[in-house]
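*Asks:* So the chains spell out like this:
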Amino acid sequence: MSLTEQQKTALIARLTALADDEIILSHRDSEWTGHAPILEEDIALANIAQDEIGHALMYLGLRSELDGSEPNQLTFFRGAREYTNTQLVELPKGDWAFTMLRQYLYDAYEALWLDAARASSYAPLAEVAQKAVREEKFHLQHTALWVERLGLGTPESHRRMQDALNVLWGYTTQLFVPTAGEETLIAAGITPDPAAVKTRWESLVRPHLERSGLSIPQGEGVTVSRQHHSEDLLYLLTEMQSTAREYAGAKVW
Amino acid sequence: MSLTEQQKTALIARLTALADDEIILSHRDSEWTGHAPILEEDIALANIAQDEIGHALMYLGLRSELDGSEPNQLTFFRGAREYTNTQLVELPKGDWAFTMLRQYLYDAYEALWLDAARASSYAPLAEVAQKAVREEKFHLQHTALWVERLGLGTPESHRRMQDALNVLWGYTTQLFVPTAGEETLIAAGITPDPAAVKTRWESLVRPHLERSGLSIPQGEGVTVSRQHHSEDLLYLLTEMQSTAREYAGAKVW
Amino acid sequence: PEQIAAFEARIGAGEKIESGDWMPAAYRHQLIRMISQHAHSEVVGMLPEGAWITRAPTLQRKMILIAKVQDEAGHGQYLYHAAETLGATREEMLDALLSGKAKYSSIFNYPTLTWADIGMIGWLVDGAAIKNQTMLAGCSYGPYSRAMVRICSEETFHHKQGKEMVVAYAQGTPAQREMAQDALNRWWWPALMMLGPSDKDSPNTPQLMRWGVKLKTNDEVRQEFINEHAPELIEAGLTIPDPELHQDAQGNWIHGPINWDEFWAVVKGHGQMNRARLEARNKAHDDGAWVREALNAYEARRVAQAAD
Amino acid sequence: PEQIAAFEARIGAGEKIESGDWMPAAYRHQLIRMISQHAHSEVVGMLPEGAWITRAPTLQRKMILIAKVQDEAGHGQYLYHAAETLGATREEMLDALLSGKAKYSSIFNYPTLTWADIGMIGWLVDGAAIKNQTMLAGCSYGPYSRAMVRICSEETFHHKQGKEMVVAYAQGTPAQREMAQDALNRWWWPALMMLGPSDKDSPNTPQLMRWGVKLKTNDEVRQEFINEHAPELIEAGLTIPDPELHQDAQGNWIHGPINWDEFWAVVKGHGQMNRARLEARNKAHDDGAWVREALNAYEARRVAQAAD
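Residue numbers (my numbering), protein chains in the order written: chain G, 1 to 253; chain Y, 1 to 253; chain W, 1 to 308; chain L, 1 to 308.
Each hint should be verified, as a subset may be incorrect.
[Unchecked claim] Below, simulated DSBU-like cross-link-like pairs (lysine-lysine); rule was C-alpha separation at most 35 Å, straight line:
1) W:K283 x L:K160
2) L:K103 x G:K93
3) L:K160 x Y:K93
4) L:K16 x G:K93
5) L:K216 x G:K93
6) W:K101 x G:K198
7) W:K283 x G:K93
8) G:K93 x L:K200
9) L:K160 x Y:K198
10) G:K137 x L:K283
11) L:K268 x Y:K198
12) Y:K8 x Y:K198
[As the list claims (entries may be wrong)] Restraint ranges, calculated between C-beta atoms of paired labels, are given here:
13) G:I38 x W:A175: 28 to 36 Å
14) Y:E82 x L:K101: 48 to 56 Å
15) W:E244 x L:P174: 46 to 54 Å
16) W:A307 x Y:E82: 51 to 59 Å
17) W:A26 x Y:L204: 41 to 49 Å
[What the hints assert, rightly or not] In silico contact screen, one side only, chain Y against chain L (beta carbon under 10 Å); selected entries:
18) F77
19) V128
20) G213
21) S215
22) I216
23) Q218
24) E220
25) V222
26) V224
Derived from the structure by calculation, the hints contain no laboratory data.
All values derive from a computational prediction rather than experimental measurement.
Built from N, CA and C at the ideal position, the CB exists for glycine as well.
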């Protein structure tokens, strides 16, 4: 299919949002490298972080085909005000419960989004979704098990998981806020309807959280657009972009 | 007096070392702003941090007269490998005991160095030392009292002070390591002999630490030159220089 | 009722009420609420600006910003003292802040994302605060009124510095200009909102005005703020992010509709930084507990020794 | 003594000793020391490189670096397993690391200060490690020898990547060239030293060679390392920071005097990062205690339920 200009603009926004979430979450996961509670998890989380960067490159690659943008330029030379990740992924890494629960909530969302995107009418997206969904389901299995083990482990691990859920739950709402012009993509079957993904997501994560002994908080979530960020993103980007910006003239890395 | 080329080079190195210590320590102190244990100390430590930047500007001003260098250019566009601060001041801020004890050890050194520098044969240095020594003695009074209060306060505050001293003591040695060519400055009475400052420093701080219930650790200190840094300095500079480097073309701030 | 009449007569005559004077419980209560909120705002307000001390672009700007944040800590101190004259204790007030029970100005729940925000906060946020504080300097409670006079003169200095910064950046490199405009885009509406809900949604105002605690309504103060700042921002070459903004026949600058939903969402805790601000204050308080204990123990021992 | 003779005969015949075989206590002890030190080095070695994952200049480099550090964690795992075959427990070994009793390669007490350090570590530090590991792959203890074979093939890949990076930067922009040269200035001597003290200061070597644990002396391995790397570095356009370096008549590259005082100072804890490295490992261990407890509790419950 060939995209209309309107669809192209909307798809660029959605792909960038997807990539930005992966880039920022992968950064938070990388912060654990060398500091995980067991050596096996240094390995597992490094694996997840690697796949996330792979996905970011995949989404930015699709974007590049649409507008000729350069993935590393977008990653290392946009400021906090231009990033369109959710606040969920920019929150500081917290403790292991926070990290595993955030990763679980996010993996469930991404796995279901990709699962639906396999049916995209835009073939390049359908293709990559087909490939990425397998990795994502593997992450989901890993983090779902952690949620259960920590939720049901000791009173302390349960308390930490519940604390993490109390903070994180409201932020998940933003994952499902449509990006600019997304309705035209949904209408044309190019990308999944976030509302439908949310329904499936809720019916997946709610029972698992409850089975893991956790109570899901009430109240409204964060519904602002992905342009809104906390100071945490600024600190993250300062670090992440420091080398690229210091050697801005470099052609080869 | 007019300086020989050799003296000029050596004096530039010494002034830069003095300024670098102030810039880095002031950064560590600023990290407490808004996070001090009592509001009164937010104010007091902000005051110290301000004076330190004032001193850095003073030393870099003297350097500027010698080589036309620009203080902000030196501060915001040198990398970790070019900074010549001691490792003492780049260590992460630690707890309040660590911060107050480091500040005390440093203030005592700077106050005594400045006190001796008032007799410098290089008039511009003698003049600024005369002025700065008063501020420094005020800082010293403040931090000396904290050392005593925490050293003698509760078992916990005493333990934290002793832990801090066990880490910090070895790093103080580097404050007194001569900078490149400093012997020519000492011979001409331009700057104080670090060995003499060290003798006075020891006879000031050792009894005060002991009076505060602390035991001074044995063993060799850090004697490497001021070119050697830890990764902590890198992280500090990434943050400190982020704005200046992002807007490197700016003429007016 | 007789006492109330006498009290209201004193206020009507422009007298100041002092700490020991009789006052209605509701007056005392409202003042403690307002003054402690104000003190909390100074203390929480140190966070968004304090975060940029370590990122200031020059040594001179770094010194100025440290001095500014230090002033804010000082303002917090005076204001806690003023509230103490009404019988509140610093501990009660801090507990209320740390538990999330007490409010502070919602403006500090917005993030500072660039260095230009430091200038813009000085110009707009301090500018709005000054309008409010100038009014409160005339309020009926003496200690609050006097604290306001002192605070206002320092804030005026910060306001001037902030304006100078933004004006310079608006005339600086393209990147600086863009940074200044972006800061205005993000701070304009929050600055308008920080002067409080529209009069029709501000139930306390009439009572507070009768008691001389407030001398003007929120909308009046907001109008003064816009009338001063709108022309200056335009003069600086910046675009105010309100397409409906215009001057009316009386010369007042009339703003477009304010998104009060956002205001209330932020007040209720949904701003980007609400959680982080309270966590930072709580962490500072918790991490400082052993220090305060040590100070007390040392002091108690000193007093005991002096008594020997 | 008969057993020892038989044991030494097996080694002399090139046989591998396996986990259940009889071995002298000193052989077991030396191997546990060496293998666990080696495992600790992999684990601590994650820190200086891991710190740059969040600072890599491109997404591709970031992925490669994560993969590399992940490999190091994997090497740590194999090596702990190999040491376990000799009766050491992971806990004992970790305790010895965390308390500072066990050593790890001193090279990781040097700081990584620029991105070029990541390339230089791959090229020089992994290059030196490979020389050592290739030798150890032929060692007499089967599990260690097999772990070395596996590790060596991964390290060879890292070595190649590191070399490619540095060569590219040496031919890059002036700033990149300067970064590469500076990295060489800082890592050259530590890389030479990491192959261990000079033979005359290495008292264990003769015994270890007789038992087939080491097959070459430190100085022999060092010579191999320099012979390979010196010409490649020069070819890349970099200057090796040793004015006395030269090739002798046999074609060996002869280095100037090594500052062994620095080596011993760093070994004894006076490197820039010794304290930080141990603190980081201890913090990770302490912060992870509740997680490990929860895992055990969950697992115990699962096992108990399965038994029902």
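*Asks:* Among all the numbered hints in the text so far, which are the ones the structure does not match?
*Replies:* Violated hints (numbers, rising): 1, 3, 4, 5, 8, 9, 13, 14, 17, 18, 19, 20, 21, 22, 23; every other hint is consistent with the structure.
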